[in-house]
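S.K.: Below are the chains, spelled out letter by letter.
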Amino acid sequence: MAVTLKINGTPHEVDVDGDIPLLWVLRDILGMTGTKFGCGQALCGACTVHVDGQPVRSCQTPVDSVGDSAVTTIEAIGQTPQGATLQKAWLELEVVQCGYCQSGQIMSAAALLRDTPKPTDDDIDAAMSGNVCRCGTYQRIRAAIHKAAA
Amino acid sequence: MPDGIHTLDRRGFLKVGAAVGGGLALTVALPPSLRPALAAAEASGYAPNAFIRIDRQGLVTLVIPSAEMGQGIYTAEAMLLAEELEVGLDQVRLEHSPPDDALYANPLIGAQLTGGSTSIRGFWTPLRQAGAVARTLLVAAAAKQWGVDPSTLKAQLGKVTDGKRSLGYGELADAAAALPAPDPKSVALKDPKDFTIIGKPAKRLDTPGKVNGTAEFGIDTKLPGMKVAAIAISPVLGGKPKTVDEAAAMAVKGVRQVVRTDEAVAVVADHLGAAKKGLEAAAVQWDDGPNAHVSSADIVHALEEESKTPGVIARNDGDPGKTLSGAAQRLDAIYQVPFLAHATMEPMNCTVHVQKDSCEIWVGTQVPTMAQAVAAQVAGLPKEKVQVHNHLLGGGFGRRLEVDGIARAVAVAKQVDGPVKVVYSREEDIQHDMYRPYYYDRFSAGLDAEGRPVAWTHRIAGSSIMARYFPAGFKDGVDADAVEAAAEPPYAFENIRVEYVRVEPQGVPTSWWRGVGPTHNVFVVESFIDELAAAAKQDPVEYRKALLGHNPRALGVLTLAAEKAGWGQPLPKGRGRGVSVQFAFGSYVSQVAEVEVAADGSVKVHRIVCAVDCGLTVNPDTIEAQAQGGALFGLTAVLHGAITFQNGRVEQANFDTYLPMRIDEAPVIETHIVKSSEAPGGIGETATAAVSAAVTNAVFAATGKRIRTLPIDTDLLKSSS
Numbered sequence: 001m002a003v004t005l006k007i008n009g010t011p012h013e014v015d016v017d018g019d020i021p022l023l024w025v026l027r028d029i030l031g032m033t034g035t036k037f038g039c040g041q042a043l044c045g046a047c048t049v050h051v052d053g054q055p056v057r058s059c060q061t062p063v064d065s066v067g068d069s070a071v072t073t074i075e076a077i078g079q080t081p082q083g084a085t086l087q088k089a090w091l092e093l094e095v096v097q098c099g100y101c102q103s104g105q106i107m108s109a110a111a112l113l114r115d116t117p118k119p120t121d122d123d124i125d126a127a128m129s130g131n132v133c134r135c136g137t138y139q140r141i142r143a144a145i146h147k148a149a150a
Numbered sequence: 001m002p003d004g005i006h007t008l009d010r011r012g013f014l015k016v017g018a019a020v021g022g023g024l025a026l027t028v029a030l031p032p033s034l035r036p037a038l039a040a041a042e043a044s045g046y047a048p049n050a051f052i053r054i055d056r057q058g059l060v061t062l063v064i065p066s067a068e069m070g071q072g073i074y075t076a077e078a079m080l081l082a083e084e085l086e087v088g089l090d091q092v093r094l095e096h097s098p099p100d101d102a103l104y105a106n107p108l109i110g111a112q113l114t115g116g117s118t119s120i121r122g123f124w125t126p127l128r129q130a131g132a133v134a135r136t137l138l139v140a141a142a143a144k145q146w147g148v149d150p151s152t153l154k155a156q157l158g159k160v161t162d163g164k165r166s167l168g169y170g171e172l173a174d175a176a177a178a179l180p181a182p183d184p185k186s187v188a189l190k191d192p193k194d195f196t197i198i199g200k201p202a203k204r205l206d207t208p209g210k211v212n213g214t215a216e217f218g219i220d221t222k223l224p225g226m227k228v229a230a231i232a233i234s235p236v237l238g239g240k241p242k243t244v245d246e247a248a249a250m251a252v253k254g255v256r257q258v259v260r261t262d263e264a265v266a267v268v269a270d271h272l273g274a275a276k277k278g279l280e281a282a283a284v285q286w287d288d289g290p291n292a293h294v295s296s297a298d299i300v301h302a303l304e305e306e307s308k309t310p311g312v313i314a315r316n317d318g319d320p321g322k323t324l325s326g327a328a329q330r331l332d333a334i335y336q337v338p339f340l341a342h343a344t345m346e347p348m349n350c351t352v353h354v355q356k357d358s359c360e361i362w363v364g365t366q367v368p369t370m371a372q373a374v375a376a377q378v379a380g381l382p383k384e385k386v387q388v389h390n391h392l393l394g395g396g397f398g399r400r401l402e403v404d405g406i407a408r409a410v411a412v413a414k415q416v417d418g419p420v421k422v423v424y425s426r427e428e429d430i431q432h433d434m435y436r437p438y439y440y441d442r443f444s445a446g447l448d449a450e451g452r453p454v455a456w457t458h459r460i461a462g463s464s465i466m467a468r469y470f471p472a473g474f475k476d477g478v479d480a481d482a483v484e485a486a487a488e489p490p491y492a493f494e495n496i497r498v499e500y501v502r503v504e505p506q507g508v509p510t511s512w513w514r515g516v517g518p519t520h521n522v523f524v525v526e527s528f529i530d531e532l533a534a535a536a537k538q539d540p541v542e543y544r545k546a547l548l549g550h551n552p553r554a555l556g557v558l559t560l561a562a563e564k565a566g567w568g569q570p571l572p573k574g575r576g577r578g579v580s581v582q583f584a585f586g587s588y589v590s591q592v593a594e595v596e597v598a599a600d601g602s603v604k605v606h607r608i609v610c611a612v613d614c615g616l617t618v619n620p621d622t623i624e625a626q627a628q629g630g631a632l633f634g635l636t637a638v639l640h641g642a643i644t645f646q647n648g649r650v651e652q653a654n655f656d657t658y659l660p661m662r663i664d665e666a667p668v669i670e671t672h673i674v675k676s677s678e679a680p681g682g683i684g685e686t687a688t689a690a691v692s693a694a695v696t697n698a699v700f701a702a703t704g705k706r707i708r709t710l711p712i713d714t715d716l717l718k719s720s721s
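Taken in order, these protein sequences are the chains called A and B.
Quick note on numbering: my numbering labels position 89 of the first sequence as 89, and the sequence is numbered without any gaps.
Quick note on numbering: my numbering labels position 114 of the second sequence as 114, and the sequence is numbered without any gaps.
Keep in mind the hints are simulated off the structure, nothing from the lab.
Possibly wrong hints are sitting among the right ones.
List time: in silico PhoX-like cross-link candidates among lysine-lysine, alpha-carbon distance up to 25 Å [as the list claims (entries may be wrong)]:
| # | chain 1 | residue 1 | chain 2 | residue 2 |
| --- | --- | --- | --- | --- |
| 1 | B | LYS200 | A | LYS147 |
| 2 | B | LYS203 | B | LYS185 |
| 3 | B | LYS154 | B | LYS144 |
| 4 | A | LYS88 | B | LYS203 |
| 5 | B | LYS385 | B | LYS242 |
| 6 | A | LYS6 | B | LYS193 |
| 7 | B | LYS383 | B | LYS414 |
| 8 | A | LYS147 | B | LYS203 |
| 9 | A | LYS88 | B | LYS253 |
| 10 | B | LYS356 | B | LYS414 |
| 11 | B | LYS193 | B | LYS159 |
| 12 | B | LYS322 | B | LYS356 |
| 13 | A | LYS6 | B | LYS222 |
| 14 | B | LYS242 | B | LYS222 |
| 15 | B | LYS159 | B | LYS200 |
| 16 | B | LYS240 | B | LYS414 |
| 17 | B | LYS564 | B | LYS545 |
| 18 | B | LYS573 | B | LYS705 |
Label-pair distances were calculated between CB atoms; the ranges are [as the list claims (entries may be wrong)]:
| # | chain 1 | residue 1 | chain 2 | residue 2 | range |
| --- | --- | --- | --- | --- | --- |
| 19 | B | ASP715 | A | ASP123 | 24 to 34 Å |
| 20 | B | ALA178 | A | PRO81 | 29 to 39 Å |
| 21 | A | ASP121 | B | GLY566 | 40 to 50 Å |
| 22 | A | ASP121 | B | ALA102 | 43 to 53 Å |
Just so it is clear, CB atoms sit at the ideal spot from N, CA and C, and this is done for glycine as well.
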């Protein structure tokens, strides 16, 4: 079925089965590879995007559930105030190691800061514990979120 | 020096030293056939060696020999080159090195391999020499042009100046290229006190693209006409696909082809969503083959039985048998650590384009030349016909030292017309890993009347990775990695015997895992020494100090970690502190962990203090990052990590059954770096090795219960009340 997805402000028409996860449309059809595949089961958060501002795991989001909603990915999150501040803090505090999970980390953090501009450590735990980092950058992620919120 | 990779490395160094030296010498031409881009640059600029190119516009390209998997090596190796080349880090661009052992082998290993925390140790001198040779020639070219003595000139930030005028490196490139090259060993290197880049915290060069989605990992490869494939590999090692419903798979929209190999089925499609759906529809049935009955229980039983008889001696000093029988107090203990998967965040993947007489692969690998060799072998082509495009790695941890995934991808791609990207699901990634070996350790020790150790015996049983991967590291029946940090613990033991019993688990492939031998051995040695301290009724830090009088750097990190952690200060009920100290990978590390054990037995690690003496530092910020990340990688395994087998199959599948540490579990980690002028040591794996015993010793301090099997079984820690 042909669906039109609004991604980062631009409409894209794609012809796939409606149950295909948004992740594969982004990565394999539209070539937007900033959104990562980590687990396929919404267990790691690497594929986090925003749908109408809400963080969702795109590996478990069928395209036919997206409808007219606005999809925002890591490629465009820097155009939001939270995204830009977080990216800056991420680099200033040198959060990143391998970097593979960081797109998802930043997407989750951006949603957190939009709803909770001054998060506590508990807020951060609640919002970020769905995002796995095997390199162990959590301490700096926490610090960078606080820095971006400051 | 510990044994293991570096023992082998020193031997390898003699073998390849000439080749690497030659590679740095300007007389060795770069093989242009392998790198068209490089050949073009040579024609229009200056490529003094395999690591540096300068074009006429002054653009400096550094070709980094090691693989970047998060450890910060692209920045650190660029710092070594830039320091002597006299360019700023903001003036360089980086390139992945193409596969070439002659040009890019780590001198400590003798191959183009990133592992064993050897990169800085191996390249510390060669990369500075490479930078210095290039700078020397650029200065000489300027001196010639101005008709002055080179010693009157200075190179700085990509320019040569005499104080009044200056010439950019781009302007000097052609002239420098025409000059005869000095022997790299003859070029004077900077005194460390004059370093302007090395030793100062530097911003990483690979990170900007990693926060905005533009960084390219192997899995992000995009090629015209490329298809993607989902793969199902026989769930039992050695099994084969029996039935495949190809028609059902082909009926899925977007599916293009179903491919069978000896051990796997791949569904090739326009996108991975269709490929996965098609693979599910294919409903593959398997012939499990000879390993259908493999189980963890049988594997552990075999280790237990085979470790009852003496192994091959890895070390024997004094007469531990005699002193043990005459000791005032005797201790015996058995320790066990499980199989572990790597679970890199980027699942295994490889993009391959096989054509009639060529093969190209796009992948993130720690071993580009091994990748090239295996692709050539599977494709049935000579190595020269295989091009490897390396990428940033979405985690390595040793997983990408293996090329099994590349071989599987090429086997699929051979049957596909056009490029195909083969991507493991997370389940395939965890269930078709090559696992950290299960080790089974038997200890005995004797204490004299004052509690001092008079006998120490340690028998290690487990599979040999060296025998398969680096046969030279498996000598006279001893696996140098399996006994690393056990055969030479930091302590002064007059009577010590360490033995190795090789036991290969049927149906389970084993391999390197972050921290390699020391991750296992530091846990068991530092736990058992803690048992000795407890039996002697002495403080664990003081007990260790008394055995480290001959080892000032180990004593130094132990003292520093204890002091920074507030060792000895009172803690609330239910909390305890534990310590570990190690020498591994050429560096000294000590950690103090502070844990809390709840009534339900759950363990919360609040804080880890890490003291590091890794000699001269390159990028201190990266050392801190590695101390944090390395510790969490090890801590994840201590708390959660175990791969088990039943009916030949791995019982874990995804992050709900093979649990990663999450942010709400992660302790605060404080890192203290000892200022040192010693030769640089490794760092990436040190904290992983150090953390297990620090945590379990803290659990003992909190509860009086000794953890001898990992991961921690919280049932054993439940309070009786």
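S.K.: Now tell me if each hint is right for this structure.
M.R.: Cross-check of the supplied hints:
1. B:LYS200 with A:LYS147: Answer holds: B:LYS200 to A:LYS147 is near 23 Å, not above 25 Å.
2. B:LYS203 with B:LYS185: violated, 30 Å
3. B:LYS154 with B:LYS144: Cα-Cα ~14 Å, so holds.
4. A:LYS88 with B:LYS203: holds, 12 Å
5. B:LYS385 with B:LYS242: violated, 34 Å
6. A:LYS6 with B:LYS193: violated, 57 Å
7. B:LYS383 with B:LYS414: holds, 16 Å
8. A:LYS147 with B:LYS203: holds, 17 Å
9. A:LYS88 with B:LYS253: Between A:LYS88 and B:LYS253 the Cα gap is close to 42 Å, so the pair fails against 25 Å, i.e. violated.
10. B:LYS356 with B:LYS414: With Cα atoms ~10 Å apart, B:LYS356 and B:LYS414 stay inside 25 Å; holds.
11. B:LYS193 with B:LYS159: holds, 22 Å
12. B:LYS322 with B:LYS356: violated, 68 Å
13. A:LYS6 with B:LYS222: holds, 22 Å
14. B:LYS242 with B:LYS222: violated, 33 Å
15. B:LYS159 with B:LYS200: holds, 22 Å
16. B:LYS240 with B:LYS414: Distance of about 18 Å is within 25 Å: holds.
17. B:LYS564 with B:LYS545: holds, 16 Å
18. B:LYS573 with B:LYS705: At roughly 15 Å apart (the allowed maximum being 25 Å), B:LYS705 and B:LYS573 satisfy the hint.
19. B:ASP715 with A:ASP123: 24 to 34 Å: Cβ of B:ASP715 to Cβ of A:ASP123: about 32 Å, so the range 24 to 34 Å holds.
20. B:ALA178 with A:PRO81: 29 to 39 Å: violated, 54 Å
21. A:ASP121 with B:GLY566: 40 to 50 Å: violated, 22 Å
22. A:ASP121 with B:ALA102: 43 to 53 Å: holds, 52 Å
The structure shown violates the earlier hints numbered 2, 5, 6, 9, 12, 14, 20 and 21.
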